[in-house]
Amino acid sequence: MTPGARLDAIVAALGGELTGSGETLIARLAPLESADHNALAFVAHVRYAAQIETTHAAALIVSPALRERAAARGPCIVSDNPYLYFARLTQWWRVHHDPLPPATVHPSAWVDPSAELAPGVSIGPFAVVEAGARIGFGSRIGAHVTVGRGCVIGQRCILHPGVVIGADGFGFAPHDGQWIKIEQLGAVRIGDDVEIGANSCVDRGALDDTVIEDGVKLDNLVQIGHNVHIGAHTAMAGCAGVAGSARIGRGCTVGGGAVVLGHLSLADGVHISAASVVMRSIHQPGQYSGVFPLDDNVSWEKNAATLRQLHRLRERIKTLEKNERP
Amino acid sequence: MTPGARLDAIVAALGGELTGSGETLIARLAPLESADHNALAFVAHVRYAAQIETTHAAALIVSPALRERAAARGPCIVSDNPYLYFARLTQWWRVHHDPLPPATVHPSAWVDPSAELAPGVSIGPFAVVEAGARIGFGSRIGAHVTVGRGCVIGQRCILHPGVVIGADGFGFAPHDGQWIKIEQLGAVRIGDDVEIGANSCVDRGALDDTVIEDGVKLDNLVQIGHNVHIGAHTAMAGCAGVAGSARIGRGCTVGGGAVVLGHLSLADGVHISAASVVMRSIHQPGQYSGVFPLDDNVSWEKNAATLRQLHRLRERIKTLEKNERP
Amino acid sequence: MTPGARLDAIVAALGGELTGSGETLIARLAPLESADHNALAFVAHVRYAAQIETTHAAALIVSPALRERAAARGPCIVSDNPYLYFARLTQWWRVHHDPLPPATVHPSAWVDPSAELAPGVSIGPFAVVEAGARIGFGSRIGAHVTVGRGCVIGQRCILHPGVVIGADGFGFAPHDGQWIKIEQLGAVRIGDDVEIGANSCVDRGALDDTVIEDGVKLDNLVQIGHNVHIGAHTAMAGCAGVAGSARIGRGCTVGGGAVVLGHLSLADGVHISAASVVMRSIHQPGQYSGVFPLDDNVSWEKNAATLRQLHRLRERIKTLEKNERP
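Protein chains in written order, with my numbering: chain C, 39 to 364; chain W, 39 to 364; chain Z, 39 to 364.
The shape of chain C in the complex, shown without the other chains (with noise of 0.2 Å):
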């Protein structure tokens, strides 16, 4: 382990153009803002291209458009995705300066004995696989997960402490006041590459399975319910859920705190903005808002309590409508 990385050991490793000296010392990864003369920094958009002047770092990655202007103060790295490469030396960090516990089954996790895992696998502490479940080569499950009897997890997924993978869906039928209880007979089938927050929980089917397929991120807190399936490559932020049988297209963004109904279509590539609520399916991409606006708390009081009678305004702007046309 050394204590950092020159930065054309960095250009040899991941590519992009070197402008400077490549004997630049890298200690750390840093943002523009608090990077000190020993980090290395990236440009993520045009806009910040005021900071390159400065900031302390002591280099940059920057697009093409901001070659001069970044080669003028020191050394750069050039690429045409600075944010990409900076995902991938963030990788590369990780390997190199700060590299994870090696892959290993916890002494104190349990796992069922009629449980498969593939080579690579890492469980952490106290984490429990139940009869029956599969993990997929290099999966990461974290402390204090639980995976369910006969659940699928695919390869190279991340499971971050507390998620539970195959609790029952949430299945009653109402009878004489009280609630019959629905065996969930099903199981949970995770794809892979999918990473999933601290604390999340996906349900396990009524009958079929509940569905994630590959490279789906989900955030921590997210409650995804019985017989859902997510389509490849969707990302859900924090504190969404998504209610039992709903079926999310691929390439989807759901924000933080959104709701989606259940028995609900979303298209591919639709995105639904932080906090909103689908109750309706939603056939065509695009994004799509339902947030009552911030204000400050008199207005929001005064306007609220319009938006009560807000169908009888809508009446009474028809009358005036009808008695203006004689």
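The set of hints was computed from the structure by calculation and includes no laboratory data.
From a predicted model like this one, the values you see are computed outputs, not experimental measurements.
Any given hint could be a false lead.
What the hints assert, rightly or not - Subject to a maximum C-alpha distance of 25 Å in a straight line, what follows is the list of computed PhoX-like cross-link-like pairs (lysine-lysine):
id	chain 1	residue 1	chain 2	residue 2
1	W	K356	C	K340
2	W	K340	W	K356
3	W	K360	C	K356
Said to hold, decoys possible - Reference listing, derived: stretches of chain Z covered by chain C, where coverage requires no fewer than 3 residues with Cβ under 8 Å from a Cβ of chain C:
id	segment
4	68 to 79
5	212 to 220
6	223 to 233
7	239 to 252
8	276 to 283
9	330 to 336
In this text, a Cβ means the ideal position worked out from N, Cα and C, and glycines have one as well.
Since chain C is already given, all that's left is putting chains W and Z on it; use the hints.
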């Protein structure tokens, strides 16, 4: 464990009227649309009747109204309430064809010597039952559940993985710009036949107990604040939250992501739509909603901006009306 | 452990002015409405004064304004701030009559040899403290808590069961329809006297650390994204979420289920109502709200439908106004 069941065995166990061959072999239960020719499916409602002719199911559970139509295609079970029949069938199937592990205290669980476990209690891996807690007959405590000091769980309850019963309620007295902790000296009392979803939390009371009555069903990631009282057979969907000292009646439903503010009362039979916020007590049963409708982002932005002027728009309508009347 | 305390012992320990018999025996603390004749209750506010005559409490804690009225019915403690007095009384009661188990590292916990635990630290069953983490004097880490690699917890903190400190922040660069992981190389730094509720999550920073300052109180199921900074003595109620890189001031409150979007700044002393969504930075202290008012379902449907035409209604009002003025 047989690989399946004959239709007449199901009817012998659960009742209903058999039409067609009782020797029909059922290998699995399945939804209408994905059922194969070894599967038993149910038609929950007349509006799905069109699927009777298209499903590949070996047999169907239908209401009397669909008897002829279902019988025309093959074997069926006629029941006055197919959904309830299906719920009971999943329970029967669970026991006979997909049984849970026998009730046992997992050797990895940590149960305080002063806790009391009734017969038939199941405690999952790494679950914690603290001092003085009591768990009733036949209850199943999942992996990583915490049942806090002095908390009481009734009979036949199910607590899914990661549930926390009896963490401190959120109580502080403000003083000189800081928060002085109010020690939470109450506990949690949970009735019989209560089910609580993965990673949900029920806080202990400040002085008196937090109370969840018989037959309540809480989905995943639900938050119940201190001194809340939830009436029997109320159900709350995922990510719902109830703030401290709220009192929710019997037979209520609270939709996913809905929020009930503190110190409010909801009458029996109140139904709150998903993602709605209850800010005043509700004294009449019925369905209540409050969600900003989702729209494409451009339309939403225009309407949300106008909403911030809604009270003034009302004043302008008033003025128009006044001017109109001479 | 005595079965209770005399009123004069309480006043000797916590101050206040005793009226009536100091020999009054207090067996428990209780709310006014459920207090029995062995209980000590407090009157938080003059608006509850009517309960002074109806409560069965053995003694009352009241403000000077209620001294006469309370003294007329029996023993009382007069304090300038009964709510604060009550908070301190619960702390005294906890120590003397309902003590927590002594601080200890539970034998089932997994603490990495490179982690540093200060004296007086309590680590609950199955808690995980990863490599290089540091936990300050007197902090209590609950059951099933994860404190991730290199994260720092201050003194006298309380982390309730299931809390996850230092899971990866949610950072990905989009590339060719997929998400490229940005390794999260920062950590989490938590100040002194911070309390974090059950199953809440604080993510590690991408490059710099996520920071929670002294005296912050977070309720259950709260999500704090990477690189968030929360100022001292801010409190957030259950199910609230703060997206990445948001900066929340000192002495703020965030209501239950509220959402703060990423990269925003909230000034000191900003108060966000429950279930509101902060979509722009807030530079002035004050109370802010944004919640769709709850209504019976039929009224809500009408108003919500009209809301989707609100911008056009405004145009129609403009037209009416234009036509009116000749």
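Hint check results:
Under the criterion of a C-alpha separation no larger than 25 Å, the hint pairing K356 of chain W with K340 of chain C is consistent with the structure, at around 15 Å. A threshold of 25 Å between alpha carbons decides the hint, and for K340 of chain W with K356 of chain W the separation of about 23 Å falls inside it, so the pair holds. The straight-line distance between the Cα atoms of K360 of chain W and K356 of chain C is roughly 15 Å, inside the 25 Å bound, and the hint therefore holds. Against chain C, the segment 68 to 79 of chain Z contributes 0 residues with a C-beta closer than 8 Å to a partner C-beta. That does not satisfy the three-residue criterion, and the hint is violated.
Remark: the segment 212 to 220 of chain Z is confirmed as covered by chain C, as 7 of its residues place a Cβ nearer than 8 Å to a Cβ of that chain, reaching the required three. For the segment 223 to 233 of chain Z, the stated coverage by chain C is not satisfied: 1 residues place a CB nearer than 8 Å to a CB of that chain, which falls below the threshold of 3. Figure legend: the segment 239 to 252 of chain Z, annotated as covered by chain C; annotation consistent (5 residues with Cβ-Cβ distances under 8 Å, at least 3 required). Note: the segment 276 to 283 of chain Z has 3 residues with beta-carbon separation from chain C under 8 Å; the three-residue rule is met and the coverage holds.
Judged by the Cβ-Cβ criterion of 8 Å, the segment 330 to 336 of chain Z is covered by chain C as claimed, because 3 of its residues qualify and three suffice.
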